[in-house]
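Undergrad: If you read the protein sequences in the order shown, they are chains A and B.
Here this note's numbering is used: the first residue of the first sequence is 1, the next is one more, and so on.
Here this note's numbering is used: the first residue of the second sequence is 426, the next is one more, and so on.
A portion of the hints provided could be inaccurate.
To be verified - Sample of chain A residues at the chain B side, in silico, Cβ under 8 Å:
| # | residue |
| --- | --- |
| 1 | T57 |
| 2 | N60 |
| 3 | V190 |
| 4 | T208 |
| 5 | G214 |
| 6 | G217 |
| 7 | L223 |
| 8 | F226 |
| 9 | S324 |
| 10 | E381 |
| 11 | L388 |
| 12 | T389 |
| 13 | L396 |
As the list claims (entries may be wrong) - The calculated label-pair distances, taken between Cβ atoms and stated as ranges, are:
| # | chain 1 | residue 1 | chain 2 | residue 2 | range |
| --- | --- | --- | --- | --- | --- |
| 14 | A | Q224 | B | L782 | 27 to 33 Å |
| 15 | B | P469 | A | F156 | 35 to 41 Å |
| 16 | B | I818 | A | W266 | 35 to 41 Å |
| 17 | A | F74 | B | E642 | 46 to 52 Å |
| 18 | B | Y712 | A | A56 | 26 to 32 Å |
| 19 | A | Q224 | B | V464 | 42 to 48 Å |
| 20 | A | L52 | B | P647 | 36 to 42 Å |
| 21 | B | S710 | A | V44 | 34 to 40 Å |
Claimed, not checked - Selected chain A positions facing chain B (Cβ under 7 Å, derived; list incomplete):
| # | residue |
| --- | --- |
| 22 | F47 |
| 23 | G51 |
| 24 | S101 |
| 25 | L186 |
| 26 | Y211 |
| 27 | L358 |
| 28 | Q382 |
| 29 | A392 |
| 30 | L395 |
For the record, the hints were derived by calculation from the structure and aren't laboratory data.
Note that the structure is a prediction, hence the values are computed from the model and not measured.
Idealized CB from N, CA, C, for every residue including glycine.
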Amino acid sequence: LTEGPTVHQPGEVEPPIPESDTAAAKLARWQKAGGVVAPVMTAVLAFLAGGLVVAATGHNPIEVYRGVWNGTGFRWFYEVGSYEIGLPFSDAKVWFPWDPSSRAGEDLQQTLLLTATLILTGLAVAFAFRCGLFNIGGQGQYFAGAYFAIWIGSNFAGMNSFLHITFAVVAAALAGAAWAGIAGILKATVGAHEVITTIMLNWIALYTGLYLFGQGGPLQNELQEFSPTSDEVLESARLPVFWGDPFLQGLHVGLFIALGALVAFWIVINRTTLGYEVRAVGFNPEAARYGGISVARNYFLAMAIAGLFAGLAGAIDMLGWRFSIGFSDIQSSTIGFVGIAVALLGRNTALGVGLSALVFGALLNGTATRNIPPEAFDIPEQAGNLSLTIQALVLLFIGADILILYLWAKSGQRIGVGRRAAAPA
Amino acid sequence: VSTAALDRVGLERETLARWLAWSGVALGALAFYLALPPVTARSPVVPVVVGGIGIVAGGIGLREGAGRRLGIGAMAAGALGIGLGVLATRSEVASLEQVFVWSALIAATLRAATPLTLAALGGIISERSGVVNIGLEGMLLMGAFFGFLGADKLEHWAWGIVCGVVAGAGLALVHAFVSIHLRADQIVSGTAVNFLALGITGYFFIEVYTDQGTPGEVSNIPSISIPGIRDLEFVGRAIGDMHLLIWVALVFVVLAHLLLFRTPAGLRLRAVGEHPKAADTVGISVYLTRYVAVVVSGALAGLGGVYLSNGITHSFNENLSAGRGFIALAAVIFGRWRPVAAFVACLLFGFTEALALRLPGAYGEDAAWTTLFRALPYVVTLVVVAGVVGRSIPPAAVGRPYVKQ
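The whole structure should be built from the sequences, with the hints applied where relevant.
TA: Structural data, given as structure tokens:
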């Protein structure tokens, strides 16, 4: 990027930068150009602008953000001391610089719980995006996974724990895949726009859940007739907790499932035929078709795999720390939508999604009602809307850094395509 | 059917097939209608037989070359007619008569269709200029909140309209700037303004109304009743006493049609959406046209939002728009980017919404499964989008940022 401006010889053909490029092609150009700086700038700008909103309505942004920061649990890392932790599978204890049972540690567990889910809902958006599809149905796919995880997790008593968990997780992932697959099939066969179909599927999934687990619904719990919630997930289907109190939302092994999904995403996208085809369709469906790639098949597969990730997110939430789902949980859930911001800030790459999931996990946990000091907001629920606004600003600024790149390209530093074209043939 | 026989009556095979398939669609609707008041057939045999004939007609149409989409659509309509008809025969006559007061249902349909229509008109204008407006949902929401806030704090519904329209247009301006000048992906930008609207309205909703909710009494949008029509038996109850904004929406449908297809401005707008470079060459400002179109679309969606909160729900709640902006987008596609056709689609979606609100009443409050009726508008939208979308061709340059040379 520090090369001097490319000198164009007279008569030399301009490097072909496609003008009406697809979202995926644009993305590729950006990744070459912006690196890690642009997303970081995007996030910082969004937080600053969010602070302006807070200040404009007469609150103190510094106090609010301090509350948010304390709530994230990141202070755990700088509260260094001399502690010990137990080693897994043994009674041995070893020295450890951080206190595993401090309040900050508990906050950090919450942040990581959300991070695990957001990695998966983020991947659900990212995978479809690499195929040129904008999956805003992560929420509905998450619901589909969650419903199946709850149903299987609260039935089949007496099953071996490993089998029970595997059964519930696999079924939930497949349910998410099937739900997204509807939009995929419609896109592949009749060309129905995935943005409209996935939004409709979100609402259908929501009302289906309100019916299933609501008053008098078939999956409402049997113990309390007037409580519109599901049955509790049985002990044998709960994901093991490896840090913190299993009864107080300790950190469960779903985090490793999410990290595994990140690795799987990277391998599939970068190292398999499927990933190659998906990216080819994302860059230019017409060219892919001429190259002998079935565009319809890849649209379907990309949506189904995206739904698989979102379904997994539902599973680890239900089996990891929620253990039941109720009327109000369904109505207020937005974790699937946050996945959009996660994926776009993370540039739809595995590493990027992982990091931005951490940022948004921290933001969601930091702005959770219990973490906001009363002196910052008289009504702590406000902080939730602040985090929504910051997500929106992140998405807007992601649009805006195309401007930066445009100016950059104009100033002579031909990006990516240009550099290759300038090399001797 | 033998080709010779067809030749004798002077019919093309395909015409006959298409005609058969359409009558299948009609029979599906009839199957449902017969089970409702005033006919109120009580035997499930009636809808099954009528809908069954519809399915057969659709099937024959499909085989004889009516086209896969129409043939399968007719068969689906027949099946849907059977399902709904049988459901209707199983409920009480009294409650059916309570739900299917056709005049009231028409009135409710028009009410529900108004926010959709206004948003859809906005969507058409924006997309005709070449800018996809996924942000309609957010603009509806802005209009809904600020329309209510204005009517409440400035104590007049007219101020509510002003506030709502300005809020919708303001959000549209953000979308326009990011997607026209900064050339961001228009779908990402639209999604961003949707989130922005959720955050802003949610924030100010709590800031202003805390957790008490909106007050019950605000200055409401008045009704306009036409003396001659109001006293008529059926028509009077259906359209004799309609809110001002319903009339406005109807007028706007006609105006939008005239603007797009009968004026130089409309021609320029369409030129910019079909072939911006050509438009630019003859001296039309692509950027200006697109800015105006997107802001107007936001103003229209904002107006729809005002009607949603001030005219229909009489309150505001977080995420009040509940996907209506996307349903309006579906209407845009269904109507092939034409105002009148999109309005017809909005009537269909509005009818579904009106029905979804009233149907649970027919089965008593206890029946848990009636919750599923609330998903009906979304299911119908999904089916419609899947059924018609391949046949409608969007403006050629839609979604593509224009780079001035």
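Undergrad: Are the hints correct? Go through all of them and say.
TA: Evaluation of the provided hints:
For T57/A, the shortest C-beta to C-beta distance to chain B is roughly 6 Å, which falls under 8 Å, so the interface hint holds. Using the Cβ-Cβ criterion of 8 Å, the hint placing N60/A at the interface with chain B is not satisfied: the shortest such distance is roughly 15 Å. Below 8 Å, beta-carbon pairs count as interface contacts, and V190/A has one with chain B at about 4 Å; its hint therefore holds. Interface hint at T208/A: satisfied, since its Cβ lies 7 Å from the closest Cβ of chain B, which is below the 8 Å cut-off.
With a least beta-carbon distance of about 6 Å to chain B, the hint placing G214/A at the interface is held under the 8 Å criterion. For the restraint placing G217/A at the interface with chain B, the shortest Cβ-Cβ distance is roughly 5 Å, inside the 8 Å limit, so the hint holds. Taken as an interface hint, L223/A does not check out: its beta carbon lies about 17 Å from the nearest beta carbon of chain B, beyond 8 Å. Residue-level restraint check for F226/A is violated (minimum Cβ-Cβ distance to chain B is 13 Å; threshold 8 Å).
Among the interface hints, the one on S324/A is violated; its C-beta lies about 18 Å from the nearest C-beta in chain B, farther than the 8 Å criterion. A hinted interface residue such as E381/A counts as satisfied when its beta carbon comes closer than 8 Å to some beta carbon of chain B; here the least separation is about 6 Å, so the hint holds. Restraint check, L388/A versus chain B: the minimum CB separation of about 4 Å is within 8 Å; hint holds. Below 8 Å, beta-carbon pairs count as interface contacts, and T389/A has one with chain B at about 3 Å; its hint therefore holds.
Because the beta carbon of L396/A sits about 4 Å from the nearest beta carbon in chain B, less than 8 Å, this interface hint is met. At roughly 29 Å, the beta carbons of Q224/A and L782/B sit within the given window of 27 to 33 Å. One distance hint, 35 to 41 Å for the beta-carbon pair P469/B and F156/A, holds here, with the actual separation near 38 Å. Here the CB-CB span from I818/B to W266/A is close to 38 Å, well matched to the stated 35 to 41 Å.
Distance hint check: the CB atoms of F74/A and E642/B are about 48 Å apart, consistent with the given range 46 to 52 Å. Taken as a hint, the range 26 to 32 Å holds for the pair Y712/B and A56/A, whose Cβ atoms sit roughly 30 Å apart. Judged by the Cβ atoms, the range 42 to 48 Å given for Q224/A and V464/B holds: they are separated by roughly 44 Å. Evaluation of the 36 to 42 Å hint for L52/A and P647/B yields a pass: the beta carbon distance comes to about 39 Å.
At about 35 Å, the CB distance of S710/B to V44/A agrees with the hint of 34 to 40 Å. This hint is violated: F47/A has a C-beta 14 Å from the nearest C-beta of chain B, more than the 7 Å allowed. The closest approach between the C-beta of G51/A and any C-beta of chain B is roughly 13 Å, which is over the 7 Å cut-off, so the hint fails. Interface restraint check: S101/A against chain B, minimum CB-CB distance 35 Å, threshold 7 Å, status violated.
Nearest Cβ of chain B to the Cβ of L186/A: about 5 Å, under the 7 Å cut. The hint holds. This hint holds: Y211/A has a C-beta 4 Å from the nearest C-beta of chain B, less than the 7 Å allowed. At a threshold of 7 Å, the smallest CB-CB gap from L358/A to chain B is about 20 Å, leaving the interface hint violated. Below 7 Å, beta-carbon pairs count as interface contacts, and Q382/A has one with chain B at about 5 Å; its hint therefore holds.
With a least beta-carbon distance of about 3 Å to chain B, the hint placing A392/A at the interface is held under the 7 Å criterion. Against a cut-off of 7 Å between C-beta atoms, the interface hint on L395/A holds, since the closest Cβ of chain B lies about 3 Å away.
In the structure shown, a violation is registered for the earlier hints numbered 2, 7, 8, 9, 22, 23, 24 and 27, in ascending order.
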